[in-house]
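**Q** Protein sequence lines, in the order shown, are assigned to chains A and B. Numbering of the first sequence is given in our numbering, commencing with residue 313 and proceeding in unit increments. Numbering of the second sequence is given in our numbering, commencing with residue 1217 and proceeding in unit increments.
None of these hints come from the bench; they were simulated from the model. A hint or two may mislead.
[What the hints assert, rightly or not] If we take Cβ atoms under 8 Å as the criterion, some of the chain B residues that face chain A in the derived model are:
{"#": "1", "residue": "1325"}
{"#": "2", "residue": "1326"}
{"#": "3", "residue": "1327"}
{"#": "4", "residue": "1330"}
{"#": "5", "residue": "1442"}
{"#": "6", "residue": "1463"}
Predicted model only: the values in this text are computed from it and were never measured. Backbone N, C-alpha and C fix where the C-beta goes; we use that ideal spot for every residue, glycine too.
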Amino acid sequence: MSWLIKNASILGGEQQDMLLRDGVITEMGKDLQDGEAEILEAAGLIALPGLVDLHTHLREPGREDAETVRSGSRAAALGGYTAICAMPNTNPIADTAGVVEQVLRLGQETGLVDVQPIGAVTIGQRGEHLAELGTMADSAAQVRIFSDDGHCVADPVLMRRALEYVRAFDGVVAQHAEEPRLTEGAQMNEGEVSSQLGLAGWPAVAEEAIIARDVLLAGHTQSRLHVCHVSTAGSVELIRWGKQKGWQVTAEVCPHHLLLTDEQAHSYDPVFKVNPPLRTAADVQALREGLADGTIDVVATDHAPHAAQDKECEWAQARPGMLGLETALSIVVQTMIETGLLDWAGVAERMSITPARIGGLNGPQRRGAAGGPIAGHGRPLALGEPANLTLIDPAARWTVEAASLASLSRNTPYQGFELPARVSATFLRGNATVLDGKVQL
Amino acid sequence: MNRHLLSAGDLSREDALKILDTAEQMATVGDREVKKLPTLRGRTVVNLFYEDSTRTRTSFEVAAKRLSADVINFSAKGSSVSKGESLKDTALTLHAMGADAVVIRHAASGAPHRLTQWLDAVVVNAGDGTHEHPTQALLDAFTMRQRLGRDLDGAKVAIVGDILHSRVARSNVQLLHTLGAHVTLVAPPTLLPRDMQTWPAQVSYDLDAALGDVDVCMMLRVQAERMTASYFPTVREYSRRYGLDGRRLALMPKEAIVMHPGPMVRGMEIAGEVADSSRATIVEQVRNGVSVRMAVLYLLLTQDSTGQGTA
Ligand SMILES: [Zn+2]
């Protein structure tokens, strides 16, 4: 099917029509006509290249009660995403070609977004021996991002070897920066609130110490380091310093760290428990500024679904993590656009173009036959480019209702929040995955 | 007064004084031949204890029984709790049983707050993790008032020991501040929270210096496992720097008292001779616990939902 999108504001700028045919933007301009194409009136909507998430937990295989590749793909499409990168902390852990290929296949079967598996750095994410990184890279999943996310690659020698080894196939190590000895039993940000609530503190230094070390290792090995979910002002400074040195360091921030603070823990409701934890208002401000000035390259969701029983319990017993795919764009609009820190082009940069580049998903589009790497994401909305895009209604306001989210889990920290901007439509290779705010599957 | 007693910080000065004054009346019940009031007849108080604490559980049980309430002990041992039932399911069970009040002791900070979200009963925090133990602070204040023979406005209280992990310290700091006392926390820096600028208390690392003009010195238990986690080097060094022995007792003003919430480690934070001296209030604290808990149960269970007393 072909689509003729009328009067969409490209990256928040000039209004144009786009004709999507055979997965490609075949025409762009004013007053396009096409007898066959389905017409979508997009006046007032903003067109961005389809969003790309570098940090998604899909829970399949192993915890299909919390999320599946299919339910997570639905949530992603509704959030404006056309590609997501699936973290390997499943059961079994995605530390072999077999598991990453299984996740790839599940993504293809659903077909709502491209699902790029991330491979574990170490066997079982135990931080002892390197997993077969090269075999995962050579597999059908063509893994380029490796991460023990959920755990830190704490051993400095292992981290050095991983950084060096993945250079052979232009890989990147995505580090969950958490010095494990400094966070034993940690429940929330160490600060005034934790001291009052009697919850064991997760100090900023536990994140910053690992980032400092890893930035130096990235410099020493001349390899690519990606820092997951940066959460403190100190981390922003360290990454800024590493970039000034010219080293290959990239970093992501999560929407919840751009909006929420550790004050939320006063409720003792573990829906606000996340790792790294919610920090202080000063950290939130530094993260926003770091994202605005490019020190932090991208927004990543760390979408982490959890079954009800894993959140409806005591804070200390709850699993860390929160839903993010369906609310990420709105949170970025509220924290970055409404504050004047970013424009829509800046949002496209940080939620599509740069994450696609870091994840190696921005190659020219593959045509027809299956196989070959996932590609065609985070590219300009221009003639001949792949038709991966999302249309956003910037004037919409909506109230988050956990029960109406597409995710199988309900652990959104934004229950009842009124948020700006809503994804109206999403297209993956010219096929509508979301229309009028509803997923097409 | 709030519907529940979750934190000592929830109590206004008026609330706290009302509890302490009521506890004084309750204390006279214990001196009667028939140690019972009919006040809570037909009401059900559940003791939900996830941690072993015979002392606190018994204290609440005696308090509820003296008010003629029906008491159910729902301890972690020998119930479905030990079979892994969640706190939420236990709460729903207690709700279905028609509990009027639930007294909860739990190793997780905030467990009493969570409980209030799942049942209708009045919830009394009997100690949650490293967060709070408000009835301990109330019985401590009651004991101070009794021993000092006056209100606590301007009283000087030193609290010594593992402040970082102490629910007793957290509750005492707030309640004593509400009652107008001046609190000094004494501990090695490792056993103090890093961020406590907003706590209404002074901090000192030097016990000798803190003792000169106190009215009350409250010693907290220090668990030996803190040593293996490097909070301090050895028991001997801890006790030398932060233990209350005869020499330090002599540094205190003559009328100043020594308190300990128990259980004590003699020879660690407190020397045997100090614990057994007439200056120590440890046995009175236990006795006063019953009166204070009677007052808390009475006031919470006889106020209507707007916080007005109906009795
Ligand atoms: Zn992580």
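**Q** For this structure, which hints from the list above don't hold up?
**A** Violated: hints 5 and 6.
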